[in-house]
Amino acid sequence: MKALRILEPGPLATIQDLGRRGYRDRGVPLSGAMDQTALRVANGLVGNAPQAAGIEITAGGFRAELTGEVRFAVTGPEMEIRVNQEAIPPWTTCTASGGDILTVGLAKQGLRAYLALSGGIDVPPVMGSRSTYLRGGFGGFRGRALMKGDILAIARTPGPPFPMWRAPSSLIPPYSEHPKLRVVLGPQDDYITPDGLALFLGAEYAVTARCDRMGIRLEGPRIAHRFGADIISDGTLPGAVQVPGNGQPALLGADCQTTGGYVKVATVISSDLPLVAQIVPGGTVSFETVTLLQAREITLKREYQLRSFHAAGSHST
Amino acid sequence: MDGQPTPRILLCGETALSIEFGDAIDATINRRVHALADHLRSGSLAGILELNPTYRSLFVQYDPWELSHERLLMLIEEGLSATRARPAVQRDPVEIPVCYGMEFGPDLDVVAAIHGLTSDAVVALHAAPVYDVVMVGFTPGFPYLSGLDKRLETPRKASPRKVVPAGSVGIADRQTGIYSIDSPGGWQIIGRTPVRLFDLERADPFLVKPGDRLLFTPIPREDFEGLAHS
Chain A
1 MKALRILEPG
11 PLATIQDLGR
21 RGYRDRGVPL
31 SGAMDQTALR
41 VANGLVGNAP
51 QAAGIEITAG
61 GFRAELTGEV
71 RFAVTGPEME
81 IRVNQEAIPP
91 WTTCTASGGD
101 ILTVGLAKQG
111 LRAYLALSGG
121 IDVPPVMGSR
131 STYLRGGFGG
141 FRGRALMKGD
151 ILAIARTPGP
161 PFPMWRAPSS
171 LIPPYSEHPK
181 LRVVLGPQDD
191 YITPDGLALF
201 LGAEYAVTAR
211 CDRMGIRLEG
221 PRIAHRFGAD
231 IISDGTLPGA
241 VQVPGNGQPA
251 LLGADCQTTG
261 GYVKVATVIS
271 SDLPLVAQIV
281 PGGTVSFETV
291 TLLQAREITL
301 KREYQLRSFH
311 AAGSHST
Chain B
318 MDGQPTPRIL
328 LCGETALSIE
338 FGDAIDATIN
348 RRVHALADHL
358 RSGSLAGILE
368 LNPTYRSLFV
378 QYDPWELSHE
388 RLLMLIEEGL
398 SATRARPAVQ
408 RDPVEIPVCY
418 GMEFGPDLDV
428 VAAIHGLTSD
438 AVVALHAAPV
448 YDVVMVGFTP
458 GFPYLSGLDK
468 RLETPRKASP
478 RKVVPAGSVG
488 IADRQTGIYS
498 IDSPGGWQII
508 GRTPVRLFDL
518 ERADPFLVKP
528 GDRLLFTPIP
538 REDFEGLAHS
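Here the protein sequences line up with chains A and B, keeping their order. Just so you know, the first sequence maps onto residues 1 to 317 in the working numbering. Just so you know, the second sequence maps onto residues 318 to 547 in the working numbering.
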């Protein structure tokens with residue numbers, strides 16, 4: 001069923017779900033929503049499974065016509081959202097009728113917004129996922145970013161009436177232009193000098209303009225290596241903090257390569273990846289360590305909250 | 318014990334770890350990596366999201382909701398004991414036809430000149446061994462191969478090309494590999510295969526997987542064109 005016609009995609013809008021799993025050993029990156037919490041909650045608000053495909057809107061400028069009656073939700077940092085002229089709140093279930101124009105503006109403190117439609121965006125899955133991998137040219141809508149005039153369908157017609165509801169504020173990540181990211185040290189923290197490690201954990205790093213779905217380059221006090229910056233290439237994942245030869249750290253994103261040959265000093269815990277997704281040039285980040293046990297406790301609590309929210313949503317349909 | 322060092326477990330956050338068997342590019346180490354990967358794949362994968370074997374370590378990503386770190390360590394320990402004495406099963410080599418030189422291999426003469434060899438000698442040395450696919454990375458389906466003849470070890474190009482066509486066969490230091498999709502790249506390109514390493518139209522989009530073996534067969538231009546159109 002046709003649901004949406006793109007009028008203006010903005011700087012970058014792509015179809016994403018929770019990513020492509022199980023092909024990392026073939027060189028296929030995860031892809032998927034950079035801010036998975038925002039997409040999961042958006043899906044919950046419209047009665048979808050957490051992994052349904054939605055639209056990742058980067059830096060606002062997005063306008064689309066909703067071509068039929070549909071429930072939708074927009075999540076992400078605080079931003080201007082309108083249906084026709086009427087402002088609507090994020091993190092809330094909304095209903096549109098045919099011909100309504102949805103506008104998503106630039107976030108005040110952040111970068112990416114997520115639009116979920118009840119039923120989920122219907123594009124053919126590639127290797128089990130509907131996520132767009134731009135560099136590989138596959139997944140999502142014909143392997144590319146959305147363009148003006150694209151018409152998107154939803155996977156099934158909306159079900160019975162569904163209560164308007166709002167995500168509890170405890171589910172909304174604490175977005176900030178200056179996030180403090182929690183990391184677990186490793187896999188190669190022993191390749192960094194003690195002074196380098198102290199700088200990494202004590203200093204603020206500025207977000208440069210080299211910031212996309214593959215990675216975010218940071219700039220600040222130089223982190224010194226003990227044995228050089230190159231290692232024999234090993235496995236990588238989103239959230240890894242690479243330190244190449246120039247001593248300036250880089251955060252890996254959802255589209256990062258599956259293997260890499262630079263020292264990785266630390267890994268951002270999965271619960272803080274939504275904050276990484278919303279980093280903008282001009283902001284800063286700092287890092288603090290947590291132990292594996294602390295990281296696990298934080299992640300399991302978060303997962304429990306998200307799962308409870310979804311369970312409550314599916315109960316009410 | 319048979320004198321093999323105990324692998325190190327490196328943390329990659331609370332959702333992944335890396336089992337590092339050594340700090341060298343070495344066939345024995347890489348076989349241990351693949352043996353452990355094969356062993357884990359043959360068991361229960363509940364909670365394991367990714368197994369990515371690389372040169373000297375096995376990367377494991379897991380869902381901490383489904384599988385605890387401690388339980389995963391037990392599975393790894395069990396796998397290490399089971400595979401300590403048993404090398405990975407050798408698979409039949411995948412044959413890759415390659416048209417060396419000409420527009421397909423613009424750096425063939427460069428590589429030959431660097432080593433004081435004729436172009437024909439470079440082709441003969443490159444097509445002689447059976448290579449091990451030590452890992453797949455960079456782009457979907459790009460195999461990193463070990464087994465390159467020492468006489469062909471060549472540094473990367475000083476400045477990378479913006480586009481290297483899919484199928485290009487290249488050399489970078491002691492590695493050789495095949496570009497799986499059109500992508501930027503700095504390897505010395507000595508030939509090209511008409512076979513697609515990554516093709517979403519195929520039931521299995523990937524021609525090779527880590528742990529496979531592979532050999533190159535030189536073909537003339539006519540065969541390249543014939544195969545490219547078939």
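Keep in mind the hints are simulated off the structure, nothing from the lab. It is possible that part of the hints are untrue.
Quick list of in silico lysine to aspartate or glutamate cross-link-like pairs, DMTMM-like style, CA-CA up to 20 Å [unchecked claim]: (1) A:K301 / B:D355; (2) A:K301 / B:E387; (3) B:K474 / A:E303.
Chain B is faced by these chain A residues, among others (derived, beta-carbon under 8 Å) [stated by the list, open to error]: (4) V126; (5) G128; (6) G235; (7) G239; (8) A240; (9) I269; (10) S270; (11) E303.
Ideal Cβ placement from N, Cα and C applies to all residues, glycine included.
So, going through the hints one by one against the coordinates:
1. A:K301 / B:D355: The given pair, whose Cα atoms are some 33 Å apart, is violated under the 20 Å limit.
2. A:K301 / B:E387: This hinted pair holds, its Cα atoms lying about 18 Å apart.
3. B:K474 / A:E303: Cα-Cα ~47 Å, so violated.
4. V126: Since the shortest Cβ distance to chain B is 6 Å, the answer is holds.
5. G128: Violated, because the Cβ-Cβ distance from G128 (chain A) to chain B comes to roughly 12 Å (cut-off 8 Å).
6. G235: holds, 2 Å
7. G239: Since chain B brings a Cβ to about 6 Å from G239 (chain A), closer than 8 Å, the hint holds.
8. A240: Result: holds, 7 Å to nearest chain B Cβ.
9. I269: holds, 6 Å
10. S270: With Cβ-Cβ at 5 Å, under 8 Å, it holds.
11. E303: Where the cut-off is 8 Å and the nearest Cβ of chain B is about 5 Å from E303 (chain A), the hint holds.
Violated hints, listed in ascending order, are 1, 3, 5; each of the other numbered hints is respected by the structure.
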